[in-house]
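Visitor: Listed here are the chains, written in short residue letters.
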Amino acid sequence: MNKKTLKLTATTAIALVSAMSPALAQMTEVGPGEGALSIVAWAGYVERGETDPAFDWVTKFEEASGCKVSVKTANTSDEMVALMNEGGFDLVTASGDASLRLIAGGRVQEINKDLIPSWSTIDPRLQDAPWHTVDGKHYGVPYMWGPNVLMYNTEVFKEAPTSWNVVFEEQTLPDGASNKGRVQAYDGPIHIADAAQYLMFHKPELGITSPYELNEDQYKAALDLLRGQRELVGRYWHDAFIQIDDFKNEGVVASGSWPFQVNLLKAGGAPVASVIPQEGVTGWADTTMLHVDSEHPNCAYMWFEHQLSSNLQSDLSVWFGANPSVPAACTDGRGMQTAEGCTTNGLDDFDKVRFWTTPVADCSQGEDTCVPYYRWVSDYIGVIGGR
Amino acid sequence: MTAAVEFSGVSRHFGTASAPVKAVDGVDLTIAEGSFFAMLGPSGSGKTTCLRLISGFEKPTGGVIRIFGQDVSDIPPNRRNVNTVFQDYALFPHMNVRDNVAYGLMVKGVDRRSRNDRAEEMLSLVKLDGYADRKPGQLSGGQRQRVALARALVNEPRVLLLDEPLGALDLKLREAMQDELKALQTRLGITFVFVTHDQGEALSMADSLAVFNEGKIAQIGTPADIYARPRTRFVADFVGSSNVLTPEVTRAFGGPAKWSSLRPEALRLTAADGVALAGQVTAIRYLGAGSRVSVALPGSEIALLVPAGEALPEQGATVGLAFDPAALHIMDEA
Amino acid sequence: MTDAPAILPERGLGDRLTALFWRHPRLLLAVLLTPPLLWLGVVYLGSLFALLLQSFYSIDEFSGMVKEEFTLKTYAELFRAQNLDIILRTLLMSAAVTIGCAVIAFPIAYYAARFAKGKWKAVFYLGVMLPLWSSYLVKVYAWKLILAKEGIITWAAEGVGLSMILNAILAIPGIGGNSLSTSPMGTFIVFVYVWLPYMILPMQASLERVPTSMLEASADLGASRAQTFRTVILPLAMPGVIAGSIFTFSLTMGDYIIPQIVGTSARFIGLAVYQLQGTAGNIPLAAAFAVVPILIMLVYLTIAKRKGAFDAL
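Protein chains in written order, with the UniProt record's numbering: chain A, 1 to 387; chain B, 1 to 334; chain C, 1 to 313.
Wrong hints could be hidden among the right ones.
Among chain B residues calculated to face chain C with C-beta under 8 Å, some are [said to hold, decoys possible]:
1. S55
2. F57
3. A90
4. N155
Taking lysine-lysine and the DSSO-like style, the derived pairs with C-alpha atoms no more than 30 Å apart in a straight line are [to be verified]:
5. K108(B) <-> K182(B)
6. K139(C) <-> K22(B)
7. K72(A) <-> K139(C)
Source of the hints: derived by calculation from the structure; they are not laboratory data.
Using N, Cα and C, we set each Cβ at its ideal position, and we do this for glycine too.
The whole structure should be built from the sequences, with the hints applied where relevant.
Guide: This is the structure:
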């Protein structure tokens, strides 16, 4: 802070030369480990057996590489971007709505996939995914992916709901009461994409081709749908544990959610289940990215290999209710995951999942035609504020 | 003449029933309209509680209080036509002098112009013209005292209660205020009830006074009466500087075997030879108008007043005492 | 006469220091004041200045990097409808919480200042301070459960047949909602609970400084209880009320935990600052938002001073 303040004070009058450093040349060989590795990660992503001794994919890595792993947990994609902008970290498990921003901001460096022996085992559909590949250059190693499912209360819905309309349109639920005040939605601007995806199915005349690429009209239609949803939602969810509590005590019966909450609630005996409705789902696909100023690049490359080849992919997919980026991890017995487990987590639904990606102005509809992410942020604050 | 204030068997007990603190205990009292009445006593004697019973800040636990013949047992302070000058003056620090004085009129709903005019009049009465815009914090003790007086008088109360109003003033100011208060009372004709622990103040200002001791009235009467003829040892001791003589000493002075009082100015020094009353001088105190000489007699110590100009004995000298037998006042009670 | 010396011997460092401070009274003052002034000057004013500086920068909307060039663009963003909503919402909530706290705190503070003696005074202090001893988060989560749709209040209201009233309150537009826990009413209740001690204590301190004789004088001069309250007690207690309201007002304006856990998810300034700075990395807008409460407090204090709230100080 002090250093920064000094710098700011010294340069108030003069415009600072762009803070973005040019991307360093990619690594050409992996040397000996530097002894440490710091990772910005989602909660539950980097476990060393402290929460549950059965789930540990760090200890062995530390023993083998000599790199001591430290983890900084982040709750939202925006927070991850902020932390990487601050600097001082090596890796980040960035979702698609953060990864492109990190690349554009020059915060992460290009990856030399030749230095990662297990690269070829990655699901081919993820190897060149657009959220980490720009102009043919790779900026990260796929980590884990999963769908944003519709979680519902099985006592209210004797049969699984087939449409997201239970959280978007006012209606009488199977138990005879209105859904007003009994549904939730995600407290992040990326939820606009869920609305767009719903419209994509129900209002084809809008011509939406991707929920992350919306022109002004499509965007406006999505916001209108969300304004209607505001009337139905008592409180938006932001913290997974508060959502769990709301399903238990607040009478919430349906909401977009993550398999993580579904699994925890089920484990606690709550009457919930999840489904992928007919409109499809949005989802996250996380990529491990290397900070441009990383002080421990050798350890980072060792981690890249480790995350693909060890028990990590298999056990993490069980722990988090997600899908491994290495499909073999479901079946080859390197960890606890099984083929059935992967099916439950939505491995076969890959095509129904539209992965989070950062909306940009220049999109497939043309240059400067789509509504960029910063407007998503401020408009969603307005929607939640009832505007 | 109607009684302005009348107490019939009034008590005010604090504490529990098993261990009551009898602040006021069975007091009967009549204060004549238009009089300057003083309540005198040491601290804790019940005089201030009596004053607060009149204003209504205390409720009697027994007996009846009447103000101009009307029972005020159920009347709250704001409806009693009596006003108080508080010991600490209790001026409102957030209001200027004018608003302080006009407060009583303001709460009655008198319009601003009239009440300001009236406040100016009252300030003029207490000789504080031109101070209306000051805050109480900017005034001296004597000035605050006057503001408190003006504030209490603005409502034209039928009885004005003064709780040790001069206690915080220095001697010279106190004497000046005593004269002014007396003159004001004469001029306004309002009944003043004045609480003090200073017997000189009570004697010099009051038309009549009550001496309080331990929640009861020890004696009630005119100042001259109480000074000359104290009814109890306590009164003799507290009022004035009388010698209080035990029954034995009274007999030695030629009286009956009863408690008595003898004022210092009624005694004279004589030669020691052949006199029944003789003793050694133990202390000489210079008072200005004379000197107070203490003489040790068997069983007691007697003080006498030697006027200025007369010869004073040496400390430790043996002297004789002579006195006017008529001045020996035999008390009714011990 | 004795042979005792006129000057006593020096006994060591303590005596030497005492002598030094006696000869140079300002030295002691300087020694005492320098650390806090340094703290205040460097840490507090320094960070405030850094914050102000940040608010004149802007952010690159896509990459999220701060552009360190002077601009008023960030302040202009505050006037966007949804940001004005946040400011207005926060202002209304802070005002409501302050009034709510003042109304509830007054009788408690008055009782404590006027009537509580000895043991009861200790009970009072304990009662007021007790909630401050437990973690703030624990209290807020506890309230989330109390106010939940399937929580204690709903249950109790059903038990005594007052569900009608509860539902009527929740049906009021603007303050109601699906349950107390998801309504602005619930946010208000939790705010009042959490900040109440900060109103009671200064209020009690200022009421304690109003002499009883002042109240008696008012009654003596013919004022009813209500008149005494309005013209004597309230003005004299005002510094305490203002002090308390500065706490409740600014604490509400800056809080970012409660609206996150209890309420409708609608943003308040504190939450907006937290999200903009902590999660969105938009430090310039966060700084601009953070300047708003400072300005509001300055305006508030100016008005209070004009109205004579500090006359009794």
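Visitor: Look at each hint and say if it fits the structure.
Guide: These are the hints, each one checked on the structure:
no., hint, in the structure
1, S55, "6 Å, holds"
2, F57, "5 Å, holds"
3, A90, "4 Å, holds"
4, N155, "6 Å, holds"
5, K108(B) <-> K182(B), "29 Å, holds"
6, K139(C) <-> K22(B), "50 Å, violated"
7, K72(A) <-> K139(C), "27 Å, holds"
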